[in-house]
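S.K.: Sequence:
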Amino acid sequence: MGQELLEVVTFSGTIKKKFPLVEVYYQDDNGHKQNLMCYVYDVFTRHITVKGMPHYIITNAPNESPLFEKISDPASRDIDHGNQSQGIGIILCSTSINRLRTKTNILHIPELDILLEPTIFGVSISGAVPTCFKQNIEVVLANHIAPILLKDESDKQLFAAENTHTLQEDLNFLWGQESLGILPNEIHSEDKIAIDIFLDTVQRDTTTGKFTVRLPWNNKKYMLTENLQVAAARTRRQQEIMIKDRSYGEAMCAAKIELESGDYIEMVDTTSQNNNVKYYLPFRGVRKDSNTTACRMVMDASSKASASDISLNQALYQGPNLILDLAFCLLRFMLGTFGVIADIEKAFLRILIAECDRDALRFFWYDDPYNRRSKLITYRYKAVMFGSVSSPFLLAAVLQKLIKDDCENIIVREALERSIYVDNVVYATNSEDTILQFFGDSRILLNKGNFNLR
Numbered sequence: 002m003g004q005e006l007l008e009v010v011t012f013s014g015t016i017k018k019k020f021p022l023v024e025v026y027y028q029d030d031n032g033h034k035q036n037l038m039c040y041v042y043d044v045f046t047r048h049i050t051v052k053g054m055p056h057y058i059i060t061n062a063p064n065e066s067p068l069f070e071k072i073s074d075p076a077s078r079d080i081d082h083g084n085q086s087q088g089i090g091i092i093l094c095s096t097s098i099n100r101l102r103t104k105t106n107i108l109h110i111p112e113l114d115i116l117l118e119p120t121i122f123g124v125s126i127s128g129a130v131p132t133c134f135k136q137n138i139e140v141v142l143a144n145h146i147a148p149i150l151l152k153d154e155s156d157k158q159l160f161a162a163e164n165t166h167t168l169q170e171d172l173n174f175l176w177g178q179e180s181l182g183i184l185p186n187e188i189h190s191e192d193k194i195a196i197d198i199f200l201d202t203v204q205r206d207t208t209t210g211k212f213t214v215r216l217p218w219n220n221k222k223y224m225l226t227e228n229l230q231v232a233a234a235r236t237r238r239q240q241e242i243m244i245k246d247r248s249y250g251e252a253m254c255a256a257k258i259e260l261e262s263g264d265y266i267e268m269v270d271t272t273s274q275n276n277n278v279k280y281y282l283p284f285r286g287v288r289k290d291s292n293t294t295a296c297r298m299v300m301d302a303s304s305k306a307s308a309s310d311i312s313l314n315q316a317l318y319q320g321p322n323l324i325l326d327l328a329f330c331l332l333r334f335m336l337g338t339f340g341v342i343a344d345i346e347k348a349f350l351r352i353l354i355a356e357c358d359r360d361a362l363r364f365f366w367y368d369d370p371y372n373r374r375s376k377l378i379t380y381r382y383k384a385v386m387f388g389s390v391s392s393p394f395l396l397a398a399v400l401q402k403l404i405k406d407d408c409e410n411i412i413v414r415e416a417l418e419r420s421i422y423v424d425n426v427v428y429a430t431n432s433e434d435t436i437l438q439f440f441g442d443s444r445i446l447l448n449k450g451n452f453n454l455r
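If you're matching positions, the sequence shown starts at 2 in the working numbering and goes up one per residue.
Treat the hints with care, as some may be off.
[Said to hold, decoys possible] Just the calculated beta-carbon pair ranges, DEER-fashion:
{"#": "1", "residue 1": "310", "residue 2": "130", "range": "52 to 58 Å"}
{"#": "2", "residue 1": "269", "residue 2": "335", "range": "47 to 53 Å"}
{"#": "3", "residue 1": "440", "residue 2": "376", "range": "45 to 51 Å"}
{"#": "4", "residue 1": "289", "residue 2": "116", "range": "33 to 39 Å"}
{"#": "5", "residue 1": "455", "residue 2": "111", "range": "34 to 40 Å"}
{"#": "6", "residue 1": "440", "residue 2": "314", "range": "34 to 40 Å"}
{"#": "7", "residue 1": "130", "residue 2": "268", "range": "53 to 59 Å"}
{"#": "8", "residue 1": "244", "residue 2": "223", "range": "36 to 42 Å"}
{"#": "9", "residue 1": "21", "residue 2": "269", "range": "51 to 57 Å"}
{"#": "10", "residue 1": "299", "residue 2": "23", "range": "39 to 45 Å"}
{"#": "11", "residue 1": "129", "residue 2": "269", "range": "52 to 58 Å"}
{"#": "12", "residue 1": "299", "residue 2": "107", "range": "41 to 47 Å"}
{"#": "13", "residue 1": "200", "residue 2": "335", "range": "34 to 40 Å"}
[Said to hold, decoys possible] Pairs of lysine-lysine, DSS-like flavour, derived with a Cα cap of 30 Å:
{"#": "14", "residue 1": "193", "residue 2": "383"}
{"#": "15", "residue 1": "305", "residue 2": "245"}
{"#": "16", "residue 1": "19", "residue 2": "193"}
{"#": "17", "residue 1": "347", "residue 2": "449"}
These are calculated hints, taken from the structure and not from any lab test.
Yeah, the Cβ is synthetic: ideal placement off N, Cα and C, and Gly gets one too.
When you get a sec, could you build the whole thing from the sequences and use the hints?
M.R.: Encoded structure:
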């Protein structure tokens with residue numbers, strides 16, 4: 002139907018973007034075909050449909066209901082664009098369905114763990130997928146759309162609430178809802194540069210399998226100032242917190258010792274001079290309710306002395322979003338009978354930073370954390386750290402390269418490519434033997450790159 006240029010507020014500011022216009026057909030309560038004009042603003046990973054759900058509900062529900070006759074069957078191919086239909090007209094998210102629900106009461110069928118919600122498009126089904134339909138599930142591609150809603154509806158009775166949002170507000174809200182706030186996976190010119198830098202500079206130790214990467218510097222690299230005074234002042238403030246909260250202080254000291262014993266950081270000889278870019282990072286501790294990590298040191302790579310200065314994050318390319326959609330991973334996991342959820346231990350820290358870039362990852366620590374007069378000692382990261390804007394890209398790029406270069410089993414390779422979310426592996430299948438083989442083969446593969454899947 003064409004495109005329209007709109008201004009959209011994103012996490013990184015206001016941008017102008019062309020959105021495709023599409024016409025979506027649906028069947029109303031009276032069985033008539035209706036159309037709806039929409040903007041396509043993103044591509045959703047997958048959606049699942051279950052064949053036979055309306056008949057299952059009607060047959061197994063303990064009581065009859067007039068809503069049964071109006072259930073919309075998402076597996077039907079009788080609506081949308083005829084023979085072009087994939088069985089899905091519109092998928093409603095929780096925010097949309099509240100605005101499109103009619104005044105008819107929702108019906109909960111606890112015996113089936115099913116919820117029937119009347120909308121202007123018919124009665125939608127939500128709830129658990131019955132065990133008997135596990136083999137009737139289909140996964141289809143879908144697009145995120147924002148409907149062009151009229152200011153004055155012709156039939157007020159169709160809506161349970163007035164439409165008080167504009168299309169612009171809908172787009173601004175919906176833009177940041179999926180993928181945990183990560184922008185859509187679009188390869189821009191800067192992303193292409195980040196990929197080229199990675200491919201041109203990535204190295205691998207032939208003995209240990211470890212990867213070494215360069216920071217993806219942009220043209221602001223040499224505008225970066227040391228940020229020394231800001232980092233020192235904030236490090237002292239952290240010390241005050243550690244002194245006042247002893248348990249926090251002990252957790253922070255343990256986190257620093259773990260980094261040092263793992264050879265992820267190193268002490269810096271500040272008397273030795275070089276021409277490398279230098280930057281000092283403030284840090285803070287983030288406590289985790291985890292059996293493996295009590296506290297994590299998170300570096301602030303966005304720190305700078307003034308608004309006119311450049312932070313480390315501003316001097317780096319973020320790189321393209323190579324991280325799978327979380328919803329995609331979870332939907333695929335729901336489809337299998339047997340599943341595995343594992344994480345890659347200290348995944349970021351398993352990737353080394355090239356020697357020439359390590360001085361941009363400096364930070365201060367205390368000679369004596371509980372003595373306010375103790376001097377500050379300079380350390381630097383040897384590995385990819387938490388807090389850098391480019392870290393997620395570097396991890397994802399290394400994992401993709403490892404899988405591509407070392408995985409000879411095509412089935413495992415394709416499964417891994419669809420199952421890694423950041424540093425987690427989420428995979429399910431209907432065979433117990435297959436899931437055990439997948440985990441074993443994946444662990445061996447990741448170990449070749451100095452990663453530990455647990």
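S.K.: All hints are to be evaluated individually against the structure, with a verdict given for each.
M.R.: Evaluated hints:
no.: 1; hint: 310 <-> 130: 52 to 58 Å; verdict: 54 Å, holds
no.: 2; hint: 269 <-> 335: 47 to 53 Å; verdict: 48 Å, holds
no.: 3; hint: 440 <-> 376: 45 to 51 Å; verdict: 48 Å, holds
no.: 4; hint: 289 <-> 116: 33 to 39 Å; verdict: 34 Å, holds
no.: 5; hint: 455 <-> 111: 34 to 40 Å; verdict: 39 Å, holds
no.: 6; hint: 440 <-> 314: 34 to 40 Å; verdict: 36 Å, holds
no.: 7; hint: 130 <-> 268: 53 to 59 Å; verdict: 55 Å, holds
no.: 8; hint: 244 <-> 223: 36 to 42 Å; verdict: 38 Å, holds
no.: 9; hint: 21 <-> 269: 51 to 57 Å; verdict: 52 Å, holds
no.: 10; hint: 299 <-> 23: 39 to 45 Å; verdict: 42 Å, holds
no.: 11; hint: 129 <-> 269: 52 to 58 Å; verdict: 56 Å, holds
no.: 12; hint: 299 <-> 107: 41 to 47 Å; verdict: 43 Å, holds
no.: 13; hint: 200 <-> 335: 34 to 40 Å; verdict: 35 Å, holds
no.: 14; hint: 193 <-> 383; verdict: 25 Å, holds
no.: 15; hint: 305 <-> 245; verdict: 27 Å, holds
no.: 16; hint: 19 <-> 193; verdict: 21 Å, holds
no.: 17; hint: 347 <-> 449; verdict: 15 Å, holds
Checked against the numbered hints given earlier, this structure breaks none of them.
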